[in-house]
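Sequences and hints are given; from them, build the entire structure.
Chains as they are written, first to last, in the working numbering: chain Z, 181 to 392; chain P, 262 to 443.
It is worth saying that the hints were derived from the structure and are not from the lab. Just so you know, not all the hints are guaranteed correct.
Below, computed lysine to any residue pairings styled on SDA-like, alpha-carbon distance capped at 25 Å [what the hints assert, rightly or not]:
| # | chain 1 | residue 1 | chain 2 | residue 2 |
| --- | --- | --- | --- | --- |
| 1 | P | K343 | P | G377 |
| 2 | P | K369 | Z | S236 |
| 3 | Z | K336 | P | G377 |
| 4 | Z | K339 | P | L355 |
| 5 | Z | K283 | Z | I300 |
| 6 | Z | K369 | Z | M330 |
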Amino acid sequence: MKKILVFILLIATGIVASYAAPLTGKQKEAVVAKINKTAAAMKSMSCQFTQTKTVSLLKNTMVSKGTMQYQQPDKLRWEYTSPYKYLFIFNGTKVYVANKSKKDVIDTQTNKMFKEIARIMMSTVTGKALSNAADFDVVVTDNKTTYNVMLTPKKKELKQMFQKVELIFSKSNSMISEINIFEKKNNDKTNIKFSNISINGKINESSFAIPK
Amino acid sequence: MRALLLFLSSLAVWTLHAEIPTVSTATVEAPDSVEQREFVVDMGKAHLTGIMLTRVTDDEITGSLMNEFGISAVSFIYNRKKDKLQLVEVAPFLNKWYIKNVLRNDLKHCIHNLYGIDCGKEKGYILELSENLVKLTNRKRNISYTFTPLQQEEELMEQKEEFVHHGEEPAEDIQNEDETKE
Chain Z
181 MKKILVFILL IATGIVASYA APLTGKQKEA VVAKINKTAA AMKSMSCQFT
231 QTKTVSLLKN TMVSKGTMQY QQPDKLRWEY TSPYKYLFIF NGTKVYVANK
281 SKKDVIDTQT NKMFKEIARI MMSTVTGKAL SNAADFDVVV TDNKTTYNVM
331 LTPKKKELKQ MFQKVELIFS KSNSMISEIN IFEKKNNDKT NIKFSNISIN
381 GKINESSFAI PK
Chain P
262 MRALLLFLSS LAVWTLHAEI PTVSTATVEA PDSVEQREFV VDMGKAHLTG
312 IMLTRVTDDE ITGSLMNEFG ISAVSFIYNR KKDKLQLVEV APFLNKWYIK
362 NVLRNDLKHC IHNLYGIDCG KEKGYILELS ENLVKLTNRK RNISYTFTPL
412 QQEEELMEQK EEFVHHGEEP AEDIQNEDET KE
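Written out as structure tokens, the structure reads:
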């Protein structure tokens, strides 16, 4: 009987150990500092992404693909190329959104909400969101090859949209490799995987040009 | 306005009734398949865009509308037998009883016309059909709903190859088109 109990205890310990526990205190600070250092050194970034939206009601996923370009401090181009065309450009004080039939230019000086959206998009992509205590509660776990950062929104507008946002950073280069967005009221999830990441390369300024 | 901008697209729906002819717009799809469409809701000064997914079965049409970033706006189940549309999930900024009432009716009429469901006279809408486009307009409120099927990647590649073969330029990207016009 004793042997069985010891055996069960060993199994249970193994199971518990396999779940990554959240990092606390100095461990968390060290990881965040590492990610922040990488983000600060990143003058520009370009990559491709694959977005997979899980729609629980339809028991189906929707896959879309695109490209992303970022330039410090405040330029972001997020473009869907398949199966639909949709473009989002943030360039300092203006946001441009366009699809095949509609185009809009929004001035973020007068529209703070769009400014917030763009800022949060850039901060999650670069990892700067980890240090933004005003926007999110941050929990960091250490997995084998990645740091998984769970962001729980604090602000009302974001809380209405998201339950939480998970950022997955590669341990090898402290750069973001994946994002999971968990929606509030259902089991819907959006997964974004980044690939062909290029850092500090030259990006044509016209990529961030806002049409008049 | 804040909520609409936050989602980058959303639905704000009004309905009014006027007579329109019933036109069959049945799509030929394999049973229990999921269809993908782009939608545009045009309200004059404002407009909303996104993607609609629908799953069609013999008994029901289940659908979900979301913006291009994948953020859900509305999910619904349409019961064919009862001709009744139930809103399953609604984004917080749409979660007002008066919005949901009209949303329920309008989506039902959209489904009628997208799937060729004949439910007699449908007052209040103007229907326009073209090659791949279904457009339903609320006459009094001047709000239109336009649906176009999403082209899958394979189809886009085939089109590109066709353009190259004939020495034509493939479809321009959205930003460059504006730069050219300038």
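Consistency of the hints with the structure:
1. Under the criterion of a C-alpha separation no larger than 25 Å, the hint pairing K343 (chain P) with G377 (chain P) is consistent with the structure, at around 16 Å.
2. Between K369 (chain P) and S236 (chain Z) the alpha-carbon distance is near 21 Å, which keeps this suggested pair within the 25 Å criterion.
3. Proposed proximity of K336 (chain Z) and G377 (chain P) is contradicted: the alpha carbons are some 41 Å apart, above 25 Å.
4. Pair hint K339 (chain Z) plus L355 (chain P) holds up; C-alpha atoms about 15 Å apart against a cutoff of 25 Å.
5. Annotation: proposed proximity of K283 (chain Z) to I300 (chain Z) holds, straight-line Cα distance about 22 Å (limit 25 Å).
6. As the CA atoms of K369 (chain Z) and M330 (chain Z) are separated by approximately 14 Å, the hinted pair is consistent with the 25 Å bound.
Going down the numbered hints, you'll see the structure goes against just number 3.
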